[in-house]
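Engineer: In order, the protein sequence lines correspond to chains A and B. When the letters of the first sequence are read in order and numbered with my numbering, they come out as residues 745 to 1050. When the letters of the second sequence are read in order and numbered with my numbering, they come out as residues 43 to 348.
To be clear, the hints were calculated from the coordinates, so they are not data collected in a lab. Mixed in with the good hints there might be a few duds.
As the list claims (entries may be wrong) - Per the computed footprint, the stretches of chain B lying under chain A, defined by three or more beta-carbons under 8 Å from a beta-carbon of chain A, are:
1. 151–157
2. 231–243
3. 269–275
4. 319–328
5. 332–341
Claimed, not checked - Now the stretches of chain A that chain B is said to cover, found in silico as 3 or more residues with beta-carbon under 8 Å:
6. 751–765
7. 905–915
8. 918–930
9. 948–957
Said to hold, decoys possible - Just some of the chain A residues that point at chain B, by a computed CB distance under 7 Å:
10. V821
11. I858
12. A861
13. Q864
14. Y876
15. N934
Using N, Cα and C, we set each Cβ at its ideal position, and we do this for glycine too.
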Amino acid sequence: MAPLTAFVLAMALPAVASAFGQDFYVGFASRILIMAMLATSLNLLVGLGGMVSLGHAAFFGAGAYVVGILATEWRGVGNYALLAWPLAMALSAALALIIGAISLRTRGVYFIMITLAFAQMLFYVALSLKAYGGDDGMSLSQRSSLPGLDLAIDSHFYYVVLALSAAVFMLYQRLCAARFGRVLLGIKDNEARMESLGYPVYRYKLAAFVIAGAVAGLAGALMANQNSYVSPNMMHWEQSGVALVMVILGGLGNIWGGLAGAAAFLIIEEALSAFTKHWAIGVGAILLAVVFFAPRGIAGLWTAKR
Amino acid sequence: MSGVLLIEQCLNGIQFGLMLFLLAAGLTLVFGIMDLINLAHGSLYMIGAYLAATLTQATGSFLLGLPLAVIATAVIGMVLEVSVLRHLYRRDHLSQMLATFALIMIANEATRAIWGVQSLTLNVPEALSGSVAVLPGVTYPAYRLLIIAVGVLVAMLLYVLVTRTRMGMLVRAGASNREMATAMGTDIRRLFTLVFGIGAALCALAGAMLGPLLAVQVGMGENILILAFVVVVIGGIGSIRGAFVGALLVGVVDTFGRAFIPSTLRAFAPPSVADAAGPSLAAISIYLLMVMVLFWKPQGLFPSRG
């Protein structure tokens, strides 16, 4: 029931915000949901499959660049959301297939480092795209277009993001409940055992990696729309680090871990920045406290209490 | 390509590689012995550079400011180990990454709060600002030669420390089998603190020595940290010898890439493309090197554990 209540409350947000004249919060909520999608896709890898990737932002950035490049190269048609967003997911999935196929031959610390290496390579590729702004990034003149909606209006865009993020959470839940998720959990627990039980471990992991990459690409496409801006920094390893922080903060392997982590991180950041420009010290201190006092994350605290 | 340029770039590569070694030596020991992924290692490098700049200005002498900064950073490192990092050794890599990522945020923001957003300048000492003839007809900046000399000296000292002293023996024992070393009565805790202090001191030395060549600014640690991790992984986690070879390899490949890839590209691509893609290709070459090494030698060049 709780998810449904939350969804109804989320539906009402734009109306409530505009009643109080606080339209800023609609865009803010979109940002939270988009980061929640990114974090949830990473949670599929880390929480479910035990694959700690420190290069997940590469797929996020790749999705954003697809939207940006299509919009500049192919005015009009390139702006269609129904074309650009699936293409963003497809490119990110293809990159994830290549990077995953190589990276998944390693494990543990080496997997962390090799995903990081690949993400850094893509980061430098983005830096070299001088036609698309190089290290300055590129501004988008308008948001993608969807039939029947005007995405330039923040509340319309918010509803689209809400629907897509709800779909991602449902996908995560279904994957967890399905055989696929059970096998991934088994692999996380004991890879050798699953291997000897006859499961094609490598293929399961690669499939998870590709799904996570595609969802991250979608999140990137949406973030490009939200900010009307794309830059190489979306692929920087610190962005991957932030996504990982959100997952751990929210709760590893918990369906709501990605959402809780993204919401907590962005809200803390927003709240502290109202008091001091050195808010990052506060965020850091809170993260340290989470490591030592709430090792199962925020969503973990919630389930532990019940 | 002329011989003079080649010799110059070789020296530049060795010089950069030796500074990377100073960073990687501490990182690989912490990584190998304590099994700790310390993302905040780059922050110690930044703090060292800032302290060196400030103390040099305060004392009016680089020769006085440098050792003071190294000692101060070592103390900061040991305090950090005792207060935070010590409690992370037994935790999983994810918690370690979250906690040390939090430390990066705190360190960066605290640096901004103390020193401001402007980057500091650290000037080359007057006596070393000239050039020296290393070969007939080949001159090289004296300060860069000093960096090479210091790097070689420290590498030799470390070699003697690790292979010829009682403390080095305990460090090696701890690296190859922590439980056994503890069971044989080694006070691992105190040893770890000391090792961490030495690692921090080496970071500060690298930061201070590179300070006059690069800008002393917030964020300087994050970029070089990734390179240091690449060095550690290439060399084999926990191996000082591996870190040395890996650092020189990365330093030379990076420098040669930057020096020669853009000019080579210009031979068969339009200058605008070559100028944009060249530096990126050079940066990518390092990560490619790491992926290739991991592909052939999954444990790195000098695996330290059997």
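Engineer: Each hint needs a verdict: does it hold in this structure or not?
Structural biologist: Hint check:
1. For the segment 151–157 of chain B, the proposed coverage by chain A is satisfied: 4 residues have a C-beta within less than 8 Å of a C-beta in that chain, meeting the threshold of three.
2. Coverage of the segment 231–243 of chain B by chain A is violated. Counting CB-CB distances below 8 Å, 0 residues qualify, and the rule asks for three or more.
3. Restraint check on the segment 269–275 of chain B versus chain A: 3 residues with Cβ-Cβ distances below 8 Å, three needed, restraint holds.
4. Coverage of the segment 319–328 of chain B by chain A holds [criterion: at least 3 residues with CB-CB distance below 8 Å; count 6].
5. Remark: the segment 332–341 of chain B is confirmed as covered by chain A, as 5 of its residues place a Cβ nearer than 8 Å to a Cβ of that chain, reaching the required three.
6. For a cut-off of 8 Å, the count of residues in the segment 751–765 of chain A with a CB near a CB of chain B stands at 0, and the three-residue condition is violated.
7. Under the rule that three or more residues need a Cβ within less than 8 Å of chain B, the assignment of the segment 905–915 of chain A is violated, with 0 such residues.
8. Restraint check on the segment 918–930 of chain A versus chain B: 0 residues with Cβ-Cβ distances below 8 Å, three needed, restraint violated.
9. Evaluation of the coverage hint for the segment 948–957 of chain A: breached, as 0 residues show C-beta separations to chain B shorter than 8 Å, against a requirement of three.
10. Because the smallest distance between the Cβ of V821/A and any Cβ of chain B comes to about 27 Å, over 7 Å, the interface hint for this residue is violated.
11. For I858/A, the shortest C-beta to C-beta distance to chain B is roughly 6 Å, which falls under 7 Å, so the interface hint holds.
12. Proximity of A861/A to chain B holds as hinted, the smallest CB-CB distance being about 4 Å (cut-off 7 Å).
13. This hint holds: Q864/A has a C-beta 5 Å from the nearest C-beta of chain B, less than the 7 Å allowed.
14. The beta carbon of Y876/A is not positioned within 7 Å of any beta carbon in chain B (closest approach about 11 Å), and the interface hint is therefore violated.
15. At its closest, the beta carbon of N934/A sits 16 Å from a beta carbon of chain B; the interface hint therefore is violated under the 7 Å criterion.
Violated hints, in rising order: 2, 6, 7, 8, 9, 10, 14 and 15; the structure is consistent with all others.
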